[in-house]
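Visitor: Produce the entire structure from the sequences given, and follow the hints as far as they go.
The chain contents come next:
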Amino acid sequence: MEIFETEVAVIGGGMTGVGVLRDLALRGVNAVLIEQFDLGHGTSTRNHGLLHSGGRYAVKDKEAAVESYQENLILKKTVPGSIEETGGLFVKVPDDPDDYVEKWVNACNTIGIPIEEVPLQIAFAEEPYLNRKAEVVYRIPDGAVDPFTMLVDVTADAVEKGARVLTYHEVTHIETTNAQVSYITVKDRYTGEEKQIHTKLVVNAAGPWSANIAKLANVPMKIINNKGMLTVLNNRINKQVINRLRMPGDADIFVPAHNVTIFGTTGINVEHPDDTSLQREEFEHMIMKGKDLIPTLPQIRMIRAFSGSRPLFQETESSDASGRNVTRGMALLDHEQRDGLKGFITITSGKLTTFRYMAEKTVDLVCEKLGITSNCQTAEVAVPHREAKQALENINLTPVAKKKLFSWAGVNASSIKANLLKDNSIVCECESVTWAEIESALPEKGQFNLGDIRRRTRLGMGPCQGTFCYRRAAAMAVEKGVATSDEAEIALQNGVEKRSKGMRVIATGSANKQLELMDGINYVSLGMKKGGETYV
Amino acid sequence: MFDVVIIGQGLAGLLTAIRAKQENKRVAVIAEGTGKIMQSTGFMDLIPSSSQNLDESKHLFLQKNISEELIDQSVEWFKALMNEINLPYEGSVHFLSPVVTGAGYVKNTALYPTTVRPIPNKGDILIVGLNGIIDFQPTYVKENLMKERPDLNVSTVTVDFFKGSGRVLSQVDAARAMDDKQVRARFITSLKNEMRTKEIATPDLMIFPSCLGMVNHKDVIEDLNDSIGPVTEAPGLPPNAAAIRLHDALHHYAVKKGVRFYEDETVFHAKVYDGVVTEVLTGNQTKPQAIKLKQLVVASGGILGGGLEQVSTGLSDRTLSLPITSEGTLVDPINNIFYIGSSSKMPWSETWISGGIYTISSSYSVPFTSMDEKNKRRDEKCYINQA
Ligand SMILES: Cc1cc2nc3c(=O)[nH]c(=O)nc-3n(C[C@H](O)[C@H](O)[C@H](O)COP(=O)(O)OP(=O)(O)OC[C@H]3O[C@@H](n4cnc5c(N)ncnc54)[C@H](O)[C@@H]3O)c2cc1C
Ligand SMILES: Cc1cc2nc3c(=O)[nH]c(=O)nc-3n(C[C@H](O)[C@H](O)[C@H](O)COP(=O)(O)OP(=O)(O)OC[C@H]3O[C@@H](n4cnc5c(N)ncnc54)[C@H](O)[C@@H]3O)c2cc1C
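Quick note, the sequences are listed as chains A and B, same order. Using my numbering, read the first sequence as starting at 1 and increasing by one per residue. Using my numbering, read the second sequence as starting at 1001 and increasing by one per residue.
Honestly, I wouldn't trust all of these hints.
Restricting the straight-line Cα-Cα distance to at most 20 angstroms, the calculated cross-link-like pairs of lysine to aspartate or glutamate (EDC-like) are [unchecked claim]: (1) A:480 to B:1160; (2) B:1257 to B:1003; (3) A:103 to A:135; (4) A:513 to B:1309; (5) A:195 to A:2; (6) A:513 to B:1327; (7) A:133 to A:99; (8) B:1147 to A:487; (9) A:422 to B:1160; (10) A:445 to A:38.
Residues from chain B that keep clear of chain A, each with C-beta distances beyond 10 angstroms, as calculated [what the hints assert, rightly or not]: (11) 1036; (12) 1083; (13) 1249.
FYI, nobody ran anything at the bench for these hints, they're computed from the structure. Since the structure is predicted, the reported quantities are computational estimates derived from the model, not experimental observations. Yeah, the Cβ is synthetic: ideal placement off N, Cα and C, and Gly gets one too.
Guide: Rendered as structure tokens:
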């Protein structure tokens, strides 16, 4: 069995885990992150992508609002390549309680979130889809964050600074000796091979799975998994984020994301963290509610739906509630203090928007435990930008694909450029993804996986949902010797099934038709066999 | 006034229009788009995405009132028609033929155009890719093919045909280029050079993407055959030249025979008097155009063709605006309305894809009677019912 050592092992490749990893790397602490599937397998790629300004929490949860606003300002500076400063609107529609408006305005003013009332005519001119019956509109500094690029970029920067990452490795065992964690066992999901990681300290950042990890360490912990559904509209219908000006509820936010809009969400408690099921009734309920802000919503074409679970930490009565519950917005548990287990820390709850702050507090505690004095740098040191116009000015590519790469290639610009010289084919027309980008996104080791490529390049995220580009990418991978035909087949079966799932629940109109076409091409035209082997 | 009005110009609509013309009817086709035939492969499958033969599936056809005899007759009629329009089809519904697709999988089909040859179990195969055609990757095709046909001896080459164009080309772009004699000659020279460099002997069969000429496909195949050896097309991701050829040939023939086409027109309503449809409305709601008819054939392709739409309350008929079942057919059948092709749901599949053979046989099943006869028969039926 392979055995290696590290000062800190971080479990979970979501935004929280990779945030912790980068913070550790910047402070010079030796660390390895373990993720059971690909980075972003969990909630971190299954959310709304709203860079909160605090407005949503201003009335209900002041502390969370303060944290959100502060982090909003910091992330705009430090992860600029993944954030679009769209701005946002809070809109009151008829029947929303009048007294909430005053409460909200006061709360924002007290906290210091800059708001500004927008004359209705201006709001309607800016956002033509907005309900004309809207009564009050405020402007607020919300933003849109691309969780896929943020995750990948923060990780890449951590790796660049010396951190290690093991994806497709599941933590299966945590060994404790004398009330101190001594090592963890991880299992390679593809080969089944086991490895031991000896470490002084384990950070449990497994989001909705963090109770499972706690259980491996024999520590009692309760996480409520609150599943929310989101749908992707075919077009970007709004320039800025549109929120509803009332107590936060279901289906009241529209967030622009590149060329589309993401709309949601809901909240239903589910038993298992792996539960990302999609219910038609839930979808219909969302559309009904969403009409209050965007009356034409039922007529707008949708691409797909997806869901993710918010990990909500619940302190159990039996354990010491003092823990280190920094704020209500996040749960940082020092298990030495809470449960008498040394070398084990959990960081969970929170938000995408506050990942950096969560990481800072966690690593402060880690350093304290390890006796390291080193200050957090993530509030100032930026992740490299994605902008790459200069580096790619002279490439031979269609204008659309070129334009995309200018604001996309980032630190990969030189490798993409070199790959383009060999082959400048465009594989995905919806999202203008070139083979060169796919090649740069392929992992050095490990299996060919279309989902992994999608999360890094947007392959298959457009209206056709991979009908054409998944097949092309798989075929080209075999052609170029980067995948075997068995790997390509498994990747396709898996990829097609995952895409279909999100389309099936929309079940109507163009999404339904697109799904029929996808099945027609795969199973009729090409003669693909149904239900072939897929991943576990 | 038309004897027969057909909604849709997919395979079903075009075949029915041609048949009605053969019966000397006044025929109009109203269609808002070209039909799924353009995205199809040119193959006529028996049961799409299945290898079931006719014995195993004829009970399913019977559920749609299509008997084995009718299938045989319609296939014979189809083959004769395709001969006449110079796009001959081979194969049989009783013995399905294995063909290779653009992904290298082998599927069983009933009828195939003569640009295609069934895939053998043994022999030397050469898969020919064309640089720039992203939808056909020869090594990928080879690896998948070898899984199903391990006894084949397969090699691959890629011909740098569109060198330096910097464009991604479709199989149809390549097919158009191949129509040109000089381009073709250049291509053959490059292919031979590639084969020489890679020391590939003359194979028993060459597999190409579906790009062997658009109108001059016979010449393309002949030239390749004469200078190297036998070839087959492997249609895959759309667009495939094999499908476009089929559409173009049928459409051209229908026009030549005097079918009246109302293209880019959407039917949104049917007027029914006394249990009989008398006209359909096209254009827009405020200023509709009425087209009078004696018989109406719905070949609107269901969900994929656009005749039906899935809405949150179920299926919606956006063509005739009449109450329909979950199968897409009328709740109260009307004697002079006929549903063919993919316009209604098939008993054999989750999807709405009916497949070529059902499309051919259902098109062939439409009885062209004069209105009077029709009424007479209905009267007789009533009489019998009363008796
Ligand atoms: C519907 C919805 C909408 C949201 N919208 C927003 C928003 O607009 N703005 C915002 O700021 N926040 C939003 N959030 C919240 C935000 O997405 C989450 O708080 C955040 O992504 C949690 O990240 P995480 O890293 O803690 O968890 P995750 O991203 O779930 O990461 C945990 C990781 O641990 C891995 N793991 C689990 N078990 C193991 C094991 N045994 N071994 C190795 N790895 C393991 C998992 O595979 C997973 O990748 C939303 C949440 C939901 C559900
Ligand atoms: C991707 C794909 C691949 C296929 N591959 C194969 C294969 O390999 N083998 C095989 O046997 N079969 C295949 N098929 C299936 C085969 O093509 C269909 O069974 C057949 O094309 C059905 O044809 P159709 O004429 O009934 O409908 P369509 O071709 O869909 O035609 C419908 C027509 O109706 C028109 N229309 C719809 N609504 C209206 C309206 N309201 N007013 C006016 N016009 C209207 C449309 O514009 C169109 O012209 C494939 C299908 C698809 C989609």
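Visitor: With reference to the structure, classify each hint as holding or not holding.
Guide: To see whether the hints hold, each was checked on the structure:
1. Of the supplied pair hints, the one linking residue 480 (chain A) and residue 1160 (chain B) holds, its CA atoms being roughly 16 angstroms apart against a limit of 20 angstroms.
2. Taking the CA atoms of residue 1257 (chain B) and residue 1003 (chain B), the gap is near 15 angstroms; set against the 20 angstroms cutoff, the hint holds.
3. Straight-line distance between C-alpha atoms of residue 103 (chain A) and residue 135 (chain A) comes to about 16 angstroms, which keeps the hinted pair within the 20 angstroms bound.
4. This hinted pair checks out: residue 513 (chain A) and residue 1309 (chain B) have alpha carbons roughly 8 angstroms apart, not beyond 20 angstroms.
5. The suggested pairing of residue 195 (chain A) with residue 2 (chain A) holds, with an alpha-carbon distance near 5 angstroms, which does not exceed 20 angstroms.
6. The hinted pair formed by residue 513 (chain A) and residue 1327 (chain B) meets the criterion: a straight-line CA distance of about 16 angstroms does not exceed 20 angstroms.
7. Pair hint residue 133 (chain A) plus residue 99 (chain A) holds up; C-alpha atoms about 18 angstroms apart against a cutoff of 20 angstroms.
8. For the given pair, residue 1147 (chain B) sits about 13 angstroms from residue 487 (chain A) by alpha-carbon distance, which is consistent with the 20 angstroms threshold.
9. With a C-alpha separation of about 14 angstroms, the suggested pairing of residue 422 (chain A) with residue 1160 (chain B) holds against the 20 angstroms cut-off.
10. Our distance criterion of 20 angstroms between C-alpha atoms is met by residue 445 (chain A) and residue 38 (chain A), whose separation comes to about 13 angstroms.
11. Look at residue 1036 (chain B): its CB is around 8 angstroms from the nearest CB on chain A, not clear of 10 angstroms, so calling it non-interface is violated.
12. With a cut of 10 angstroms on Cβ distances, residue 1083 (chain B) stays outside the contact zone with chain A, its closest approach being about 25 angstroms.
13. Non-interface status of residue 1249 (chain B) relative to chain A is upheld: no Cβ of that chain comes within 10 angstroms, the nearest being about 20 angstroms off.
When held up to the earlier numbered hints, the structure conflicts with hint 11 and nothing else.
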